[in-house]
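K.L.:
Sequence:
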Amino acid sequence: MRCSILIFLLTSPFTILSGIASAESPSPAKGHEAFIEGLREGTEPGAKKTSSTRTLSPVVSRFKGWFIDVTERAKAGKVGEVEVVDGISLASKALASSGWQFVETEKGYLVRAAGGKYEGWVIARDDSAKTRPEGPNLTVTPALRLARKTTDNCHWKLILTDRGLVLEALSGKYKGWFWDFGGG
Numbered sequence: 004m005r006c007s008i009l010i011f012l013l014t015s016p017f018t019i020l021s022g023i024a025s026a027e028s029p030s031p032a033k034g035h036e037a038f039i040e041g042l043r044e045g046t047e048p049g050a051k052k053t054s055s056t057r058t059l060s061p062v063v064s065r066f067k068g069w070f071i072d073v074t075e076r077a078k079a080g081k082v083g084e085v086e087v088v089d090g091i092s093l094a095s096k097a098l099a100s101s102g103w104q105f106v107e108t109e110k111g112y113l114v115r116a117a118g119g120k121y122e123g124w125v126i127a128r129d130d131s132a133k134t135r136p137e138g139p140n141l142t143v144t145p146a147l148r149l150a151r152k153t154t155d156n157c158h159w160k161l162i163l164t165d166r167g168l169v170l171e172a173l174s175g176k177y178k179g180w181f182w183d184f185g186g187g
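Each number in our numbering comes from the position in the sequence shown (counting from 1) with 3 added on.
These are computed hints drawn from the structure, not numbers from a lab. From the three backbone atoms N, C-alpha and C, an ideal C-beta is built for every residue, glycine too. You may find that some hints are simply not true.
[Stated by the list, open to error] Across the chosen pairs, the derived CB separations fall in these ranges:
| id | residue 1 | residue 2 | range |
| --- | --- | --- | --- |
| 1 | 36 | 58 | 34 to 44 Å |
| 2 | 142 | 45 | 37 to 47 Å |
| 3 | 96 | 28 | 45 to 55 Å |
| 4 | 63 | 97 | 28 to 38 Å |
| 5 | 78 | 135 | 15 to 25 Å |
| 6 | 38 | 97 | 33 to 43 Å |
| 7 | 164 | 99 | 23 to 33 Å |
| 8 | 78 | 123 | 17 to 27 Å |
| 9 | 99 | 44 | 15 to 25 Å |
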């Protein structure tokens, strides 16, 4: 079976892959609804609800217990007219830049940086990223970016599964693909 995965390369000392796999939506775990309800902690203009700051970590790779972060060496660029940085990474300990908020909107959830140099920026997908083979049964595309402002490629569906939180892309070229972690 051939699988397609959208990934980003991490620019930490230990480069790993993280991405979005194309497949059917995983089944929510028991407690999914309570988890989603628990994210509805605050309000702000333009959002239905916002969560408090949380850290995100891979749960099934060799980097279990590390934190999704934005490296200080992030590379600046643009996707269309939107300023972006390519530097989503993993940190072995939680830093100010390791905090994230889930912002519930009419179009889905945004994953927004809650601290550090890129506070307020959101995780987006770059539809123009180049795809490459990664072995006989896997295709990868380094396409996750941090965007200064919200675009159509920033919205996610959150699914709490038995193996952890899965984010499903809700728009763009990778609609229906899943943010997943590999590397191990």
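K.L.:
Among the hints numbered above, which are violated by the structure, and what are their numbers in rising order?
P.N.:
1, 3, 4, 6
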